[in-house]
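When we follow this note's numbering, the leftmost residue of the sequence shown carries the number 1, and every step to the right adds one.
Please note that a few of the clues may not be correct.
[Claimed, not checked] Below, in silico cross-link-like pairs of lysine-lysine (DSSO-like), each with a Cα-Cα straight-line distance of 27 Å or less:
1. Lys435 x Lys324
2. Lys69 x Lys521
3. Lys69 x Lys470
4. Lys145 x Lys61
5. Lys521 x Lys437
[To be verified] Each pair of labels, with its calculated beta carbon distance range:
6. Ser279 x Ala156: 51 to 61 Å
7. Ser148 x Leu522: 44 to 54 Å
8. Gly524 x Asp120: 22 to 32 Å
9. Ser225 x Thr160: 46 to 56 Å
10. Arg217 x Ser541: 31 to 41 Å
11. Ser123 x Leu522: 29 to 39 Å
12. Gln87 x Val152: 24 to 34 Å
13. Thr160 x Ile547: 49 to 59 Å
14. Gln257 x Gly12: 13 to 23 Å
15. Arg289 x Thr395: 24 to 34 Å
16. Gly260 x Asn532: 50 to 60 Å
Don't read these hints as lab results, they were simulated from the structure.
Here the structure is a predicted model, which means the values were calculated and not measured.
Every residue, glycine too, gets a C-beta built ideally from N, C-alpha and C.
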Amino acid sequence: MIRAENWAPSNGVALEPNAERSVKSQSGCIALLAGPGAGKTETLAQRADFLLSTGTCSYPKRILAISFKRDASENLKARVATRCGHQLAARLDSHTFHGFAKRLIDIFRTHLQGLDALNDDYSVGTNRVPGTQITYNDMLPLANKILSGCDVALNAIRETYTDVFLDEFQDCTEEQYSLLLNVFRGTSARIIAVGDTKQMIMEWAGAVDGNFLNFCRDFHAISLSLYQNFRSQDRIRRVQNSMVKEMDPHAAVPDAQISGVDGMVAYSVFESDDDEAVSLAETISQWQRDGIPLSEIAILCNTQPHLYAFKIMRELDKRNLAYKNEQEGKDLSSEPVLGLIVDFILLLICDSEPDAWERFHEVIGFDLMCDEENIRAREWSHFILEQTLQVRATTEFAVFWTAVELLLTRMGVEGVRAMSDDYENTQNFKSILSKVKADVASCFVKPLSLAGSLRSLRRADAVRILTIHKCKGLEFHSVIVQGVETETFFGSQNAADCAYFVAISRAKERLVLTTTKLREKLQGANPYWRENRSTHERYLSYVYPEIGGHC
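Let's have the full structure, built from the sequences with the hints guiding it.
Next up, the structure:
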């Protein structure tokens, strides 16, 4: 145990004063406003390290972390494990709001009565079916009903968690906030709400205006701000800062603090979206040849990527460049269980798969390569070796899947559920696993090598094509913001400004923006689609002074 006064940030991280104050606070609640790249997630990870390492969150008490996207939730969990080790990090429960609500329903389901009563094998689907199925939108209301009517549930949560982390709090809806109020208002829980009002791009989902003001009032929280952007290179930071000067002048930093010449900013205007697609595909191909992983490249569309990026995807196909259109239904490549199974099989068939080893270790929670003294680690190593001997002499899918089933059995129900909130429901997990099994089986009949087919299935290295809404919380080496046009950034100016600001703040080293004079109206486009396009001069005015540079 480390004395609180002797604690220092792990991994040599340097915290700015307000971040250090937030991390080391031992009482009260904090509203922490921070710009993109200011280290919000790192601040939360360091706070978890402080709370757990110093015993400020004393055993067996736990930390509850709530994020708005599963990616962000899993990222925080992994980062905390890196900062303070897996043993202490096991006392951090990281969920989305809906994941937390569903966990409450699963544990205290029997307290739901009447039309809300649920069987133990209930599922989550598109329609409400009394007793057997709820919808995604039912989760929060049902959780609130449990907390309002069941003192056992309320006290159990309050006794479990001394500390609460709320990430991207600016996007909290009224319904989500009511859950927070029901559980923690009037208690001694230390709550830190982190976010950036300039990134509030979920107005359509009911995000509350003035969330941080409400939080400060209801929880007597102090307000602190972080301003430094540690993600982007200086040229890109100046683009962002020029916009901050208009949106929130007091949050802008002096240009002298970001006077470097690193990074690259580019803008291209095209005659048509056909020209745009060819040029971007060729550019991405060149970036790959230059050594940039495809997974570090993102194409951001403010809306409808299936239309805006359709021609780009067609050109990427022609060049055999992998991509993921994240608007297309439920992409199995993002399922943790598929990644686990693919990595497991790669370990069985390949002599050297360091990336697969590392990812597999993160899920299992033991250092299979180094921790020779750990009994359970040795048991896992023996299991891998045993299964390797079983499968190396065959290419029969059934033999491999038997090994996979043994893996899942060895992990146990809790180990499987820990991978994703979506796996809490047994029937839901079985449905996902069935689809994963079919996809993995297809790799055994493809003309490519089995390892190559599996890696393609996992698509760990693929260009990400996604809406600005979905990119929040993510970052990439190179970002293409497609269609910086008045016809693309429509609606309320505040919402459009927030979306554009989020887009330009995702890039670490290269930011590319495009416009085109003609954007073809494809099948499926709504009646308001305009083929003739005009550049969004105000948004581009932030970019013009910084065009150029290098990576």
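Indices of hints not satisfied (ascending): Hints 2, 5, 8, 9, 16 not satisfied by this model.
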